[in-house]
Amino acid sequence: MRARGLTACVALIAVLALRGPCAHGSEAAPVFEQPSAGGPNLTGKWAMTPRITHLMTSEGKEPPLTASGKAEYDKRRAALKAGDKSVDPVSDCLMHGTPRLLYAPYPFLILQTSRSVNFVHEVNHTFRIIYWDKTLPEDPDPDYLGYSIARFEGPALVIDTIGLNDKTWLDYSGLPHGEKLKLEERYTLTNPSTIQGSVTITDPDYYTAPWTTRFTLRKQPGMALKENVCMDTHQM
Amino acid sequence: MTRGLTSAVASMVAALLLVSSAMAQEEAPPPRRAPPTPEQLAAREKRNAESSALWNKNPAPQDPRDFSGVWWTRGYDRTFRPITDPPLPPFESVKLLPLTPGEAASRQHHLDMEKAGTPIPDAPTQCFPHGVPRLIASPYPIQYVYSPGLITILHETAHNVRFIHMDGKPAPADTPRTFLGYSVGHWEGNTLVIVTDHFNDRTQIDEEALSHGLKLKVTERITKFTNKYGGAELRNLITIEDPDHFTQPWTAERTFPWRGDIRVAEYSCEENNRNAPVNGIERAK
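Residue numbers (this note's numbering), protein chains in the order written: chain A, 2 to 237; chain B, 3 to 287.
Check each hint, because a few of them may be wrong.
Here are the simulated EDC-like pairs of lysine to aspartate or glutamate, each with C-alpha atoms no more than 20 Å apart in a straight line [stated by the list, open to error]:
no., chain 1, residue 1, chain 2, residue 2
1, B, K230, B, E52
2, A, K135, B, D65
3, A, K168, A, E60
4, A, K220, B, D169
One-sided excerpt, in silico: chain B residues whose CB lies under 8 Å from chain A [as the list claims (entries may be wrong)]:
no., residue
5, A51
6, G151
7, L152
8, I153
9, I155
By construction, these hints were calculated from the structure, which means they are not laboratory data.
Nothing here was measured: the structure is a model prediction, and the numbers come from that model.
Ideal Cβ placement from N, Cα and C applies to all residues, glycine included.
So here's chain A without its partners, still in its complex pose (with noise of 0.2 Å):
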């Protein structure tokens, strides 16, 4: 649970007393930027087509992991392999993560507004709140989804994304990496219904080298997306 469930519930305390509202968020007030004009709109349900379950990088090659990062990815395979999923974290419906999530088999909506590009995804009901802001901050605390900032770039939209938690994989096959990730994802639409997409994953503790991998989203019909509820079904 986040530190938020705590604060509001000592204000939580403190209305019940006063009926007043509580005094929370007292930093500075963000600034919100807007996106530049002539971007991409990305605005509606796409899915991975096709899938992709051990990610690859863009020159058809297996990443390039470290010595160590080596050896936890032949650990997690081996597990797999001898049919022990507990090792994977979404077994447990921990959220799937960046970049994971958007390998989970399930579409997602992607909700492109001035104030934030919105992922929404079908899996688990997980979505990433994106803000235009010009900077990432400097250390933020790491979590599933990590603190991710977007611009455009050309015809693409690109994010950037730091603050991610160690406990989740970057695949289904088990690709490790640490708190050091960054991420960098572009989309960019090459026509009305698909989008060329990569990440740029880079992680030193894990990879001798930044490398990138390549996806196409196609656009499916409607906006609507299924209630899915891991802890109810226990499918990711």
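Starting from the structure of chain A, add chain B where the hints point.
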């Protein structure tokens, strides 16, 4: 951001929740606390005005139909009660709940079980979506996101997501019953009217004791207004209908001040769920 709380802090939270439960027992006589002095009242109003100024530094959209952005209800009330004019204290308004005999018995059972230290698990204790209207009471920030034909409400609490279908079409014939139901919205003047049904029967109306069944229909009327501190605020009038539990529809209220100063953060219920039931019994860990 998800931050693992230490067990010490978690127990503190649990203790606070227990205290708050006790404080919210509306059958208890009103607390014999001295009413606030004029000085205390003035100080509170000053604090509220200062907070409101900060919250509205990044202002809410001007368009009365545009709710895009972050809102956060004040405090937490774990009960829904019928609104009255003039407002009544909770221990009075609770008597106005139009309970069927079955719901009255069910409600008493919930209260008794909680008093015995073995509360009946509520959906969110298992990281299931809260249900509606239960979710509306959540004391966490929410963000409205507008897109063509759809209003999405992103709730920080346990990453609940509500989709309000604004395309004028009714729920498709094969719509399944779900925790959050199927919501169809339309505008009446500058009021967003949301009708939600197709619920499953696995959630509660409120955190305390009110239940519902498959016939639940919830109508929300959400209007933006300027509060007495000059800040933007949403008022949601929530009408609850379920003939198997209530003898007539009744309407509760929640308000949500604009919060231009904050962002909706990540909340992982599934990690370190402190409220997970053990052998079907809810307990604070």
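Here's how the hints hold up against the structure:
no. : hint             : result
1   : K230/B to E52/B  : holds, 12 Å
2   : K135/A to D65/B  : violated, 27 Å
3   : K168/A to E60/A  : violated, 28 Å
4   : K220/A to D169/B : holds, 19 Å
5   : A51              : violated, 10 Å
6   : G151             : holds, 6 Å
7   : L152             : holds, 5 Å
8   : I153             : violated, 10 Å
9   : I155             : violated, 11 Å
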